[in-house]
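Now that you have both chains on their own, put them together as the hints suggest.
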Amino acid sequence: MAPAPEVLSPTSPAEAAQAFGDGTGVTVVAGGTIVLPELTYGRLRPEKALLLSRAGLSGVSVDGPTTTIGAATPLADLTGLPAPLGPCTANVADLEIRGQATLGGNVCAGGGADAPRGDVQGALLALGATARSTGAGGEKTEPLEAFLDHRDGRLLLDVSFEQPAAGAFVALDRPHTHDYTALAVSAARATDGTVRVAATGAGSHGQRLPSAEAKANDPAAAGEAALADVSPHDDALASAWYRSKTLPVLVRRALAELKEAS
Amino acid sequence: MNLTVNGRVYELESASLTSLLDVLREELGITSPKAGCEQGGCGACTVLVDGAARRSCLLPVGVLNGAEVTTVEGLGSPDNLAPIQQAFTHHYAAQCGFCTSGMMLAAHAYVESGGTDDQQAITEALGGHVCRCTGYVKIIEAVAAAARGDSFDLATTAASPGMTNIGGVK
Chain A
1 MAPAPEVLSP
11 TSPAEAAQAF
21 GDGTGVTVVA
31 GGTIVLPELT
41 YGRLRPEKAL
51 LLSRAGLSGV
61 SVDGPTTTIG
71 AATPLADLTG
81 LPAPLGPCTA
91 NVADLEIRGQ
101 ATLGGNVCAG
111 GGADAPRGDV
121 QGALLALGAT
131 ARSTGAGGEK
141 TEPLEAFLDH
151 RDGRLLLDVS
161 FEQPAAGAFV
171 ALDRPHTHDY
181 TALAVSAARA
191 TDGTVRVAAT
201 GAGSHGQRLP
211 SAEAKANDPA
221 AAGEAALADV
231 SPHDDALASA
241 WYRSKTLPVL
251 VRRALAELKE
261 AS
Chain B
1 MNLTVNGRVY
11 ELESASLTSL
21 LDVLREELGI
31 TSPKAGCEQG
41 GCGACTVLVD
51 GAARRSCLLP
61 VGVLNGAEVT
71 TVEGLGSPDN
81 LAPIQQAFTH
91 HYAAQCGFCT
101 SGMMLAAHAY
111 VESGGTDDQQ
121 AITEALGGHV
131 CRCTGYVKII
141 EAVAAAARGD
151 SFDLATTAAS
161 PGMTNIGGVK
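The listed protein sequences derive, respectively, from chains A and B.
Taking my numbering, the leading residue of the first sequence gets 1, the next gets one more, and so forth.
Taking my numbering, the leading residue of the second sequence gets 1, the next gets one more, and so forth.
Isolated chain B (complex conformation) (with noise of 0.2 angstroms):
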């Protein structure tokens, strides 16, 4: 069966049963999609198909012949960083990564839905994406950012780390 993932077409060598998760990892080698929980509670797994936020844990790859899928690594690259990836490495939206593939992708299609700066709106979209660093402020600040177009200068937020937008503390 044939995946498109990131705008290159796979042919797939995976059981159809195989979780859409374990052909991105294992298989294709695209790492940013994690194992967390491997069961739908975490959302660290999250990409998109078809442009809609999924769990890839829980996909039969069976079900996805011509499906289109985005990881974070399709959603912009080093020197030309999408939205979403500049706010959240704006508002420091990131601390030991492990949630924020899953986060971004879901944070993305809920902007690209025509998802406002809301941030009770915004908790609903994440509602299934789970950050153990407790960083949902600052991961809700950044989806507001990218909801409302706010445009960064990101040379400044390198040069004073964390000390952007702290609530109004500087």
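In isolation and in its complexed conformation, chain A is listed as follows (with noise of 0.2 angstroms):
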């Protein structure tokens, strides 16, 4: 039998950071509904876990126009925030998994073996979100995109953002047991008028979409010209051919949905 893991469970943000350390070995815990079932059923064996509960990681707050969001908030917390990340957060599974999950861990997910994670990461990306974490090399803020490349040595510590001037997001879901998202779509203007574009569902992770941001005054050529950023996959929720089948339409009305909003 593997030896018991050692268990962390730090009181304040300093404390988080220190016992995480350069991140070798460790498994972050906040909300715990995505590792909670990989140590259940035995797919993973920690030699080492942090449980961020009582890491003083949750709350949002708001300076002028930038929401900053601790990354142990529960995503209920976040579901009466403008869009795109209120209805986002909104739509991602139901109410008690909601009071759980955390946008720390919806935002670090490794891609599902049969359905995409990450649902709020094209919410973020949608709204030119930094990220602010702690790991080899010390702290580190730097834009989301660059995070979600190298977030598994990392332990986010908050995102922040600023509020946009307008923002939409539409989904396709599934009904499922709970309704995981097969493809979601952000849109978001900012006040200096630049308009974002992501997706969820759409790859291994959320991104941005360059081609149809470049045409966002024309939403039905801007989700056409959209396919051209992604690679769509098969999964237990979708297929690729039904996916770029429905990206187009849905970033058509996310940017509707933006140009009315505005």
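Simulated from the structure, these hints should not be mistaken for laboratory data.
Glycine residues also receive a C-beta, built at the ideal position from the N, C-alpha and C atoms.
There could be a bad hint or two in this list.
Footprint (simulated), chain B over chain A, 3 or more residues, beta carbon under 8 angstroms [said to hold, decoys possible]: (1) 4-11; (2) 24-33; (3) 47-53; (4) 88-97.
Output of the computed footprint for chain A on chain B, the stretches with three or more beta carbons under 8 angstroms from beta carbons of chain A [what the hints assert, rightly or not]: (5) 55-65; (6) 123-129; (7) 142-148.
Given below as structure tokens:
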């Protein structure tokens, strides 16, 4: 039998950063909704587990135009925020899961075998969010896009973004025991007029759709253009073919919604 | 670590990463929370943690030191059923019973938080709970009744099983 893992329960962000170190061999447990089944089914046997529930990494703060959300904030606390993030978090799973699952866990989720994970990645990318994390080399604040590429070795502390002038979120859901999102599109117009469009479920993690952004004023054309930015995949929720037929529709709807909201 | 379950304090021996579900069923012998999918998808393991409905299969017990957990055993007793239990009984909202504990605890939390008899709101509150006997209509009727504060004569219910309130059919 494997030795019992070392379990650490830091009580401040500084303690959490110290306990995480450079992340080697550390399994981070925030809400537990992704990690616990892995443990239960024996797919994950951690040497060291870091429980974040008391680490003081939870909460939403608004400072002028900037919103900062702690990594351990439950999704249920975010459902009332403006689009795209509010409706995106309200679309995750169900009431009980949202009460437990955290923003950081969702951002850092690896791609699921049967369904896309990381619903909020698209919404945060559309908001042009930055991620503050700790790990090898110490604390670092960087665009979320950069963070997503090396998130496995980092402990996310919080994400920040400027409240947009307008936002939109549209999703294709498939009824399931809990509604995993097969494909979703978020769009936001920043106060300087920049439009960002991003998808969740069109690749291994959330991604910007620059070709759609370039045609943001023409939603139908933007929808077709978005296909150049993605390599859709097959999984239990939808086929690559279905995703590629649906993406233009969702992009068109998101941009139309954005126009109405502007 | 300490855990209060249904008003009784337990000193636990299970490792911190053990799920609350396993602690309840295996260490404490409280078997109303069911091990259904064990990945958060079915709602059969739902219990109340400090009053909020939570999936016990997804909670590492290490984060619960000092928390108060309520299972169906703590809602009422056979002689003194809680309002939600009376409503489920009266409306015949249980068939095989496997989903019932989770359904009742989610419904109890919904009613306690001021939920109304609005069908859409009840559906949203119970959205994470699966009933494979397809009994949703009666479950929603029961939760609506509990939300309205209906009172029941369960002796009458028992005398005419299943015929008390089937959408107007006598």
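Going through the hints against the structure:
1. 4-11: With 4 residues in contact (Cβ-Cβ under 8 angstroms with chain B), the coverage given for the stretch 4-11 of chain A holds.
2. 24-33: n = 4 at 8 angstroms, threshold three: holds.
3. 47-53: As far as the stretch 47-53 of chain A goes, the hint holds, because 3 residues have Cβ atoms under 8 angstroms from chain B.
4. 88-97: holds (count 5)
5. 55-65: This one holds; 7 residues, not fewer than the three required, reach chain A with a Cβ under 8 angstroms.
6. 123-129: That given contact holds, which follows from 4 residues of the stretch 123-129 of chain B lying within Cβ reach (below 8 angstroms) of chain A.
7. 142-148: violated (count 0)
The structure fails hint 7 only (numbered hints given earlier).
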